[in-house]
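Peer 1: If you want the building blocks of each chain, they are given just below.
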Amino acid sequence: MTLISTRRNDTVKVVSHNPLVWFARRILSGVAVVWAAATFTFLVQCLMPGDRAQIVINVRSGDVGPAPAAELATINAKYGFDQPLAVQYGKYILRILHGDLGESYQQHRPVAAIIAEQIGPTIVLAIAALLMAWVIAILTTLLIAGRDNIWSKLLSGAQIFLATAPPYWLATILLVVFAVNLRIFPVVGESSPMGLVLPTLALALELSGFFGQVVLNEFTRVLEQPFVTSARTRGMSDFGVRLHHVLRHAALPGVTLSGWALGKLLSGAILIEIVFARQGLGGVLVAATSSRDVPIVSGAVLISAGLFVTVSLIVDLSYRMLDPRIRLT
Amino acid sequence: MSQVRPKPVSQQADLLTVDSLRVSFGREIAEKAVVRSMSFSLRPGRCLAIVGESGSGKSVTARALVGLAGRHADVHARQLSFDGTDLIGLNDRGWRRIRGNEIGFVLQDALVALDPLRQIGKEIGEGLLLHGAVSSREELAQRVIALLELVGVPEPETKAQQLPHQLSGGQRQRALIAAALALDPRVLIADEPTTALDVVAQAHVLALLEETKKRGKALILISHDLAVVSRVADEILVMQRGEVVERGTAAELFKDPRHPYTRQLLDAVPSGRPRGSRLSPSTIVRSPGRQTQPPVQSLPKSRPILLEATSLVKHFKGPDGTLRAAVDGVSFELRSGETLGIVGESGSGKSTMARMILALDEPDEGAVQFAGRPWTTLAERERRARRRSISIIYQDPLGSFDPRWTVGRIISDSLSSDVETRRKRQERVIELLDMVGLSQALLDRRPLELSGGQRQRVAIARAIAPNPAVIVCDEPVSALDVSIQAQVLDLLGDLKDHLGISYLFISHDLSVVRHISDRVIVMRRGRIVDSGPTEEIFRNPLSEYTKSLIAAMPRLVREQEIGQSSTILEEGIA
Numbered sequence: 001m002t003l004i005s006t007r008r009n010d011t012v013k014v015v016s017h018n019p020l021v022w023f024a025r026r027i028l029s030g031v032a033v034v035w036a037a038a039t040f041t042f043l044v045q046c047l048m049p050g051d052r053a054q055i056v057i058n059v060r061s062g063d064v065g066p067a068p069a070a071e072l073a074t075i076n077a078k079y080g081f082d083q084p085l086a087v088q089y090g091k092y093i094l095r096i097l098h099g100d101l102g103e104s105y106q107q108h109r110p111v112a113a114i115i116a117e118q119i120g121p122t123i124v125l126a127i128a129a130l131l132m133a134w135v136i137a138i139l140t141t142l143l144i145a146g147r148d149n150i151w152s153k154l155l156s157g158a159q160i161f162l163a164t165a166p167p168y169w170l171a172t173i174l175l176v177v178f179a180v181n182l183r184i185f186p187v188v189g190e191s192s193p194m195g196l197v198l199p200t201l202a203l204a205l206e207l208s209g210f211f212g213q214v215v216l217n218e219f220t221r222v223l224e225q226p227f228v229t230s231a232r233t234r235g236m237s238d239f240g241v242r243l244h245h246v247l248r249h250a251a252l253p254g255v256t257l258s259g260w261a262l263g264k265l266l267s268g269a270i271l272i273e274i275v276f277a278r279q280g281l282g283g284v285l286v287a288a289t290s291s292r293d294v295p296i297v298s299g300a301v302l303i304s305a306g307l308f309v310t311v312s313l314i315v316d317l318s319y320r321m322l323d324p325r326i327r328l329t
Numbered sequence: 001m002s003q004v005r006p007k008p009v010s011q012q013a014d015l016l017t018v019d020s021l022r023v024s025f026g027r028e029i030a031e032k033a034v035v036r037s038m039s040f041s042l043r044p045g046r047c048l049a050i051v052g053e054s055g056s057g058k059s060v061t062a063r064a065l066v067g068l069a070g071r072h073a074d075v076h077a078r079q080l081s082f083d084g085t086d087l088i089g090l091n092d093r094g095w096r097r098i099r100g101n102e103i104g105f106v107l108q109d110a111l112v113a114l115d116p117l118r119q120i121g122k123e124i125g126e127g128l129l130l131h132g133a134v135s136s137r138e139e140l141a142q143r144v145i146a147l148l149e150l151v152g153v154p155e156p157e158t159k160a161q162q163l164p165h166q167l168s169g170g171q172r173q174r175a176l177i178a179a180a181l182a183l184d185p186r187v188l189i190a191d192e193p194t195t196a197l198d199v200v201a202q203a204h205v206l207a208l209l210e211e212t213k214k215r216g217k218a219l220i221l222i223s224h225d226l227a228v229v230s231r232v233a234d235e236i237l238v239m240q241r242g243e244v245v246e247r248g249t250a251a252e253l254f255k256d257p258r259h260p261y262t263r264q265l266l267d268a269v270p271s272g273r274p275r276g277s278r279l280s281p282s283t284i285v286r287s288p289g290r291q292t293q294p295p296v297q298s299l300p301k302s303r304p305i306l307l308e309a310t311s312l313v314k315h316f317k318g319p320d321g322t323l324r325a326a327v328d329g330v331s332f333e334l335r336s337g338e339t340l341g342i343v344g345e346s347g348s349g350k351s352t353m354a355r356m357i358l359a360l361d362e363p364d365e366g367a368v369q370f371a372g373r374p375w376t377t378l379a380e381r382e383r384r385a386r387r388r389s390i391s392i393i394y395q396d397p398l399g400s401f402d403p404r405w406t407v408g409r410i411i412s413d414s415l416s417s418d419v420e421t422r423r424k425r426q427e428r429v430i431e432l433l434d435m436v437g438l439s440q441a442l443l444d445r446r447p448l449e450l451s452g453g454q455r456q457r458v459a460i461a462r463a464i465a466p467n468p469a470v471i472v473c474d475e476p477v478s479a480l481d482v483s484i485q486a487q488v489l490d491l492l493g494d495l496k497d498h499l500g501i502s503y504l505f506i507s508h509d510l511s512v513v514r515h516i517s518d519r520v521i522v523m524r525r526g527r528i529v530d531s532g533p534t535e536e537i538f539r540n541p542l543s544e545y546t547k548s549l550i551a552a553m554p555r556l557v558r559e560q561e562i563g564q565s566s567t568i569l570e571e572g573i574a
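Note that the protein sequences, when read in sequence, are chains A and B.
Take the first sequence: its position 228, counting from 1, is numbered 228 in full-length UniProt numbering, and each next residue is one higher.
Take the second sequence: its position 147, counting from 1, is numbered 147 in full-length UniProt numbering, and each next residue is one higher.
Just chain A, same shape as in the assembly (with noise of 0.2 Å):
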């Protein structure tokens, strides 16, 4: 951390006291990162086994057999395929600049609208899913922290079983307890709000034992602190003392983890909306994989670099406004 950075001698380090240099230099790392992806899914599309026109048509006609010369030449210069791999790569980044991420093979159409139509519902899953784990989370912390009893332990017992079981096997048993049997709610394929829960649910569960443990641990540390003495001894009580100085603290490892958990739900939701029949990017995803539509996951790889890139973003201001000694130091 910064403190220890300015305690140490040898090598000072020189932490950017302006936030907005602080910014400009985040920015441009995402940006840096973005673009690794984009080299990164260009040289996949160009060193995949097999000649890229030949795939296109056999993508298009469900053939699998050879084309003729002709045919290959016209998808080869209507792709590009035949000029210089410099000259593709640099027509690739152009092109992305201006926000087009080529065409699907097999749907004749731009990657970047067949993304858009879809993206919204996962994002949606997986926003929902990780503030819901956050929620759970938080209320069984500040119940069960440092709290010695039979409900403490059962709850934290949970948890830890909740972080370890797999999300499509929760997905599963919640669509028939909820959705089969008790008919609470819809069984597949619904857009509704009431759709939602159980997909959110079953993302939730397991991000929320991850994400309960880690903030416990820290919280049971905090409430040793002698600060929070301090503050009882003004007079506050004990819940108190957890909401308004334990849980801050906290929640700084759980926050960090929170980049990271983001990714996660995104491709946990594209296997939750295939058990429940979401719409979404699951499916136009593994349908794309499966046939080997290369610009569709080429465009989806670089549309999650990008989120992930703003998430990370968010994640740090957002650890910056909780802990106020980073921006201070």
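Treat the hints with care, since some could be wrong.
Said to hold, decoys possible - According to the in silico footprint, chain A covers these stretches of chain B (three or more CB under 8 Å from chain A):
#1 109 to 118
#2 124 to 134
#3 171 to 180
To be clear, the hints were calculated from the coordinates, so they are not data collected in a lab.
Glycine is no exception: its CB is placed at the ideal position from the N, C-alpha and C atoms.
Got chain A; can you put chain B on it based on the hints?
Peer 2: Same frame as chain A, but now just chain B:
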């Protein structure tokens, strides 16, 4: 077994009454309770001090008075009452009305007793908000600033917006006291309020507490240091292993201590005792196979120069990005067999200098010579072979040990590789333990299983293991209770006599430095403001700064002095 003297006839009603308090944890049997048969009463405008070493039960007693002795604590008392309210069996709501409102509590160590993520002002205002003492934001802000002014924190508007780590140690302690005083409680309990502060800050905090007492508050002061409480306390309880072994007024205790433990605590205070005299009753240093040399009394100039620092300069980048000189042109020499004390408040550049002496940091300008040869200017590879000749003892030994290593391994690790066989190494480790007064039964213990004093002894054994010529002691006794501090100081003195080691002794505590050093350097803001033979410096300090430091030294206030002290502290807040 407490030695009770007749109590003075009380004028005012008692505010706080404690009769036969017993605090135990878990399944402890009554005889082994952490606090046993504790009784006292407190009136407004009076100060009661509870004195004893760590683990004697003083902090637990204090916490029991606000109902926060701990979740597993079992608190019993024949009577425990505040202004007629029975505190035994009080429910949580009742306690919350008392805490902060009627009894203010200042916890030990302000750095961790203030929430590190919250602004000072919020922390101080918390009590006001909790008890509904303010009706608007403006009023809250005004009250917070007024409180900071009351405790003498400079620039209260700015400080209220800052975080604890941005304040100096003294300011933090004041802010913590301000938080405890927010609701104008009738009783203020302060647990080790001056420990870990340098002398000047310490004197100011004591003056603040004295002032608080004069405003009619009842004060309970907890400390391991009799010298610290002697100025403020009207009555002193001496605690040992959970029991009050002696009680009386400050004057009575100092003039005629009856219990051996009280005497031991009094003897442990280094100030005002002739230099070279022992501070602790028994420190046995055995050095087998060595002829005991008579203690070195005076140091002839002819002794060879061991370390020589010439015009050391070290810059750091400040928070605003500008360069600041932490050490600014410091020159000194350390002669063989000599102890050179380096005094200064926190931030005066002492530790930066120590790092340069150890060649952990390279000076920006100037150089250190060791045994007549270049030292800091060498390449690390050339220096490594000679590194064993300079050891270090840190303030916090625990942080300098690998918690998973045993004592035996810690010491053995710093033995020279010349000691080849396993048996010889083991023998040497035991010999070293013996020299620092530890039994070989501790060989397999881990650092966390040792007491604070034992840890510092292990650190000393580790420091002398490679037969160094110089040991840099960086605040080696600052984290210890006075009685333990006394033993460690005696040990360092004995080792120097036996082994002929030279010490570079860094401390903020003048009385400690005075006790152990042959010569003293006083540092302020990276520069030397005074230097010379110890007694000369203390008798005739040249700079105003040294004068103010010496004036701020806590000393045992004997009977005749009571009432005429406390005027020396009003100048020079850093």
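Peer 1: Now tell me, hint by hint, if it's right for this structure.
Peer 2: Evaluation of the provided hints:
With 8 residues having a beta carbon nearer than 8 Å to a beta carbon of chain A, the stretch 109 to 118 of chain B meets the requirement of three or more and the stated coverage holds. Look at the stretch 124 to 134 of chain B against chain A: 4 of its residues bring a Cβ nearer than 8 Å to a Cβ of that chain, three or more, so the hint holds. For a cut-off of 8 Å, the count of residues in the stretch 171 to 180 of chain B with a CB near a CB of chain A stands at 3, and the three-residue condition holds.
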